[in-house]
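2 protein chains.
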Amino acid sequence: MKITKEAIELAEKTIKPYIHRTPVLTNKSINEMTGIDFYFKCENFQKIGAFKIRGGMNAALSLNATQLKNGIATHSSGNHAQALAYAAKTLGIKAYIVMPKSSPQVKVDAVRGYGAEVIICEANQAARETALAKVVLETGAEFIHPYDDYRVITGQATCVKELIEEVPDLDVVITPVGGGGLLSGTCLGAHFFKPGLKVYAGEPEGAADAVLSLKSGKVEKAPYVATIADGLLTTLSEQTLGIIKEHVTDILLVSDTEIIAALKLVYERMKIIVEPSCVVPFAAAIKNAPLFKGKKVGIILSGGNVDLTKFGTWFPAIK
Amino acid sequence: MKITKEAIELAEKTIKPYIHRTPVLTNKSINEMTGIDFYFKCENFQKIGAFKIRGGMNAALSLNATQLKNGIATHSSGNHAQALAYAAKTLGIKAYIVMPKSSPQVKVDAVRGYGAEVIICEANQAARETALAKVVLETGAEFIHPYDDYRVITGQATCVKELIEEVPDLDVVITPVGGGGLLSGTCLGAHFFKPGLKVYAGEPEGAADAVLSLKSGKVEKAPYVATIADGLLTTLSEQTLGIIKEHVTDILLVSDTEIIAALKLVYERMKIIVEPSCVVPFAAAIKNAPLFKGKKVGIILSGGNVDLTKFGTWFPAIK
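Those sequence lines, one after another, are chains A and B.
First residue of the first sequence: 104, per the working numbering; consecutive thereafter.
First residue of the second sequence: 104, per the working numbering; consecutive thereafter.
Do not take every clue at face value.
Any copy will do: because identical chains look the same in the list, a pair fits if it lies in one copy or spans two.
Heads up, simulated DSSO-like pairs for lysine-lysine below, C-alpha to C-alpha not over 30 Å straight-line [unchecked claim]: (1) Lys192 / Lys398; (2) Lys192 / Lys131; (3) Lys390 / Lys413; (4) Lys348 / Lys204; (5) Lys301 / Lys324; (6) Lys413 / Lys204; (7) Lys192 / Lys399; (8) Lys131 / Lys172; (9) Lys413 / Lys172; (10) Lys367 / Lys131; (11) Lys116 / Lys131; (12) Lys105 / Lys318; (13) Lys172 / Lys119.
Calculated directly from the structure, the hints in this document are not laboratory data.
Source: prediction; values computed, not measured.
The task is simple: from the sequences and hints, build the whole structure.
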């Protein structure tokens, strides 16, 4: 399904009653420190604490009564799970969420808190897909993929549209990239609503599939997977890669050390809570400062659902 | 010096160009959870990350050219130090800040970052006062007390004035209490700009001087001092107690466990960074929920200057 300008405008109208229009924050000391004019689109303040509600809600609201009857289902360790659980609660239908047993307890609790049924499985892709197939077979629920779904991508595209409306003379926008739902949506939003706006992505070195896929032109696996940015472990799909390779300017890699330094800056200077995955684009901008000096750079701060018990490992006590 | 309505209005005009008008946030899930209609005045987003810039800036701007010539001085382990350092930088004068050697490194660095001269002393009241007296004698700098100063109290009163303007039908406002600068300022602001607005304070059990002083009517020491709310270790002065006992409805005690639970709620639900001292009034409201059920309750979130390396002790990893 080809995503059009009109489809994004319709998605925006469709999901508007259910989501927040999140604020765009600026920070004088961060701008002085970096020489870059940053605009932070704060999706950590979004419903369910992340942008994923945009795509999840848009997909759920696209279903007809027959499709909705048996509920919706997905597999996700994180924010997409919460998004579908919240969407189902709002629509008064059932949600079945397959979550790997490695999921942070805070996220499992949040999903259950919205009334969804959680099915715990082993922490690998095959186990997730098997468990999901079983649930769909047994319940007849509609599967909504976390990113390989045009309705989800269309929903994610509404975020950059809002950012462009707030900062019409934006030069660059940078998002994180995991499965590519937000990045491909941002590519399309920029293309339709501000042609010429450059789109970059930040990716963790320890989940570097997108950078390789962009280079080879086909979906590649990450050489290894190990990063604190636990929202970005997934791999691009044919669909997201197709959009990304047509529109993205570049994908920039950052290390976990650089992610933690960026996290520290956001916590200390902006006084807001964000996930490690969420500061990856900010870390990428700082690392590649000469590319962005003097420019107006939008950063999509994608989410704020952190497990507080991990703080001690990110910022260890000084002995 | 008696603080008048006009003095607070003048302070507001005086400091306006130098401070932020901080946002007032609400949170649906916290309201549903508690049955209280909370309005959070976010001074963690204030210049220097805390309300203290209001009083510090007002005091500095009240000095004449002769008084300003030799700079300003104070002793403070925390946010008042940053406030005076920032005020001095803004006015192009010198600041001398006596800080106990127990001060968080992040705060010492921030004070030096504003160009102030830091004098480190032993971590007790006598050492602080001796070091300050020496600095004032040697430099001729003007001493600005963290709270026992009518210009500082007048500056702090501007915060509740803004909150009342945003939420005209507020029923209650709650602040933390340490030396009483913010609480006495809030008492006067409420008295002049919304008579009938009830003022409460939250105080840590491990620094419970204000609750005792309110009971006896004279300045008392805390029976013991041990709390994570490290911004509230100071003792009321005659001046702050005088105002507080005339206007405050009550002072409510909370334990460190209750403070950490409130901190967790603010981090997880509101996605903002605040200091432990800063959630003491919120913890007090939750603990005494029947007092505030169904009411519109303003919480002054006083600051967000945390030492990230302490996160691990507040939210220990689950073994």
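Going through the hints against the structure:
no.	hint	verdict
1	Lys192 / Lys398	between (42 Å within a copy, 28 Å between copies)
2	Lys192 / Lys131	between (40 Å within a copy, 16 Å between copies)
3	Lys390 / Lys413	both (24 Å within a copy, 27 Å between copies)
4	Lys348 / Lys204	neither (33 Å within a copy, 55 Å between copies)
5	Lys301 / Lys324	within (26 Å within a copy, 61 Å between copies)
6	Lys413 / Lys204	both (17 Å within a copy, 29 Å between copies)
7	Lys192 / Lys399	between (38 Å within a copy, 28 Å between copies)
8	Lys131 / Lys172	between (50 Å within a copy, 29 Å between copies)
9	Lys413 / Lys172	neither (39 Å within a copy, 49 Å between copies)
10	Lys367 / Lys131	both (16 Å within a copy, 28 Å between copies)
11	Lys116 / Lys131	between (33 Å within a copy, 22 Å between copies)
12	Lys105 / Lys318	within (23 Å within a copy, 72 Å between copies)
13	Lys172 / Lys119	within (23 Å within a copy, 56 Å between copies)
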